[in-house]
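A.B. asks: Based on the provided sequences and hints, a complete structural model is requested.
Chains as they are written, first to last, in the numbering used here: chain H, 488 to 566; chain X, 5 to 227.
Incorrect hints may have been included.
As the list claims (entries may be wrong) - Computed list of chain H residues with no C-beta within reach of chain X, every gap over 12 Å:
{"id": "1", "residue": "Thr489"}
{"id": "2", "residue": "Gly499"}
{"id": "3", "residue": "Thr535"}
What the hints assert, rightly or not - Pairwise CB distance ranges (calculated):
{"id": "4", "chain 1": "H", "residue 1": "Thr551", "chain 2": "X", "residue 2": "Leu34", "range": "24 to 30 Å"}
{"id": "5", "chain 1": "H", "residue 1": "Lys497", "chain 2": "X", "residue 2": "Lys27", "range": "38 to 44 Å"}
{"id": "6", "chain 1": "X", "residue 1": "Asn132", "chain 2": "H", "residue 2": "Ile531", "range": "45 to 51 Å"}
Don't read these hints as lab results, they were simulated from the structure. Glycine included, each C-beta is placed from N, C-alpha and C at the ideal position.
Spelled out from the first residue to the last, the chains are:
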Amino acid sequence: MTAIVNVFLKEGVLDPQGKAAHHALESLGFGDVEDVRIGKQIVIKLNTDDKVKAEAEVKEMCETLLANTVIEDYTIEIA
Amino acid sequence: MKVAVLRFPGTNCEFDTQYAFDKLGHTTELVWHEEEKLPESIDLVVVPGGFSYGDYLRSGSIARFSPVMKAVKAYAEEGGRVLGICNGFQILTEAGMLPGALKRNNNLHFISKYQNLCVINNDNAFLNRCDKGEVLNIPIAHADGNYYIDDEGFQALEANGQILLRYSDAEGNPVVVNGSVTSIAGVCNASKNVYGLMPHPERALEALLGSEDGVRMLKGFES
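C.D. replies: Below you can see the structure in the form of structure tokens.
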């Protein structure tokens, strides 16, 4: 089973990398760009077939290590 | 005073920190991150600067799981004094020993220069030899020093006098250096025994080399 974790800065927390990429896209002529947020994707291979257990475990991983919940939000997809 | 200086893979300010406290007449001991115990009868733990674990994932996020950090946490919970400098500050926020978090600088640059700092609160062991409103000149060198805390957390910091230092001009007016909330450069915990700052007082010991303002900061721990 594979878990895909996406970690992004929380809404309202300024994302300086996203902002810089936004400006760069604009200066390249991509006029429709409204906002850019840069985060990270963490792919975790799990040795279990129990989706509920996997989700609970990955949530704990996010809370303890993968995300800093003071500034970041995360999403989990199990596939 | 006996000072324990922690050392993680990627730490690079441990010898400067040792030199600083030795120069001030104290004894120091380097403590490798795999140690589960701190040395006996110490007066201060310093988490020095550097790039522990290559700053992988987030600065300080891996170091906080090192065996020695459990001992540091227990030491602080018993009232022991802990100082985190630069990467050490990042580690202490990641460990939940200090409030807030440190993000990438808002200009995305690694900023390395002398910087004026205004002393905001001095009723603590760290800054008791400095005056409130005094301007100190201390080097900074970081990419992730943009201090963030939510509104509620900020109100608590202010109410409890936990804001130690702000980036400022020569007159003490706050200036934007890296995007930190209200230009915060250093904070302490509510019980005022755990301190963190991005600037490097251990690099400001000699007037000849630019500034000796770091001496008074580090000497604060003698009382």
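A.B. asks: Each hint needs a verdict: does it hold in this structure or not?
C.D. replies: Going through the hints against the structure:
no. : hint                            : in the structure
1   : Thr489                          : holds (19 Å)
2   : Gly499                          : violated (9 Å)
3   : Thr535                          : holds (23 Å)
4   : H:Thr551 - X:Leu34: 24 to 30 Å  : holds (28 Å)
5   : H:Lys497 - X:Lys27: 38 to 44 Å  : holds (43 Å)
6   : X:Asn132 - H:Ile531: 45 to 51 Å : holds (47 Å)
Violation of the numbered hints given earlier is confined to hint 2; every other hint is satisfied by the structure.
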